[in-house]
Amino acid sequence: AASASVGGGGGGGPAKTMAAATVAASPDAEEVYDPNSDVKRVAEFFKTRYGDLEQALQSFDPDSEFDLCSFEAALRKWGVQVDNVVELFGHIDVDWSGTISMH
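Position one of the sequence shown corresponds to residue 46 (our numbering), numbered consecutively onward.
Treat the hints loosely; a few may be bogus.
Between beta-carbon pairs, the in silico distance windows are [said to hold, decoys possible]:
1. 88 with 115: 15 to 21 Å
2. 102 with 142: 15 to 21 Å
3. 78 with 100: 28 to 34 Å
4. 102 with 77: 17 to 23 Å
5. 146 with 76: 28 to 34 Å
6. 78 with 142: 18 to 24 Å
7. 113 with 90: 14 to 20 Å
8. 99 with 125: 16 to 22 Å
9. 106 with 77: 17 to 23 Å
10. 128 with 93: 16 to 22 Å
11. 85 with 139: 16 to 22 Å
12. 147 with 77: 28 to 34 Å
13. 76 with 107: 35 to 41 Å
Since the hints were derived computationally from the structure, they do not count as laboratory data.
Glycine included, each C-beta is placed from N, C-alpha and C at the ideal position.
Turn these sequences into a full structure, and let the hints steer you where they fit.
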């Protein structure tokens, strides 16, 4: 929520408050995460290690699952650096179950 006043009791009034709220709500204030580069990094790792993505999937136990913590640990183990592991996990976890399944 935006603050009701800016800078104390002095002048400025509503115009100054409105300017502050506009700056805080600006879409440029926070960068939007784009998962494409992280997805490419993970895909490149699997292509390099297994030859292609199909072979990579076959290398996993079909009943294996990753939650956020185990996914982050696996990325570290594999040496794959991503910009935002939480957002990437959310992008892959399309059913919002909190896990990524291999089957």
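Each hint tested on the structure:
1. Our hint of 15 to 21 Å for residue 88 and residue 115 holds, since their Cβ atoms are close to 19 Å apart.
2. Separation of residue 102 from residue 142 is about 18 Å and conforms to the stated range, judged on CB atoms against 15 to 21 Å.
3. Checked against the hint of 28 to 34 Å, the C-beta distance between residue 78 and residue 100 comes to roughly 29 Å, which is consistent with it.
4. Between residue 102 and residue 77, the C-beta spacing of about 29 Å breaks the proposed range 17 to 23 Å.
5. Roughly 30 Å separates the CB atoms of residue 146 and residue 76, a value that falls within the hinted 28 to 34 Å.
6. A C-beta distance of roughly 20 Å is found between residue 78 and residue 142, which places it inside the suggested range of 18 to 24 Å.
7. Range check, residue 113 to residue 90: about 18 Å between beta-carbon atoms, so the 14 to 20 Å window is met.
8. Restraint check, residue 99 to residue 125: a C-beta distance of roughly 19 Å satisfies the suggested window 16 to 22 Å.
9. Taking the beta carbon of each, residue 106 and residue 77 are about 35 Å apart, not inside 17 to 23 Å as hinted.
10. Distance hint for residue 128 and residue 93: a CB-CB separation of about 19 Å, consistent with the stated range 16 to 22 Å.
11. A hinted range of 16 to 22 Å holds for the C-beta pair residue 85 and residue 139, which are about 18 Å apart.
12. Between residue 147 and residue 77 the C-beta distance comes to about 29 Å, which sits within the given range of 28 to 34 Å.
13. Separated by about 37 Å at the C-beta atoms, residue 76 and residue 107 satisfy the suggested range of 35 to 41 Å.
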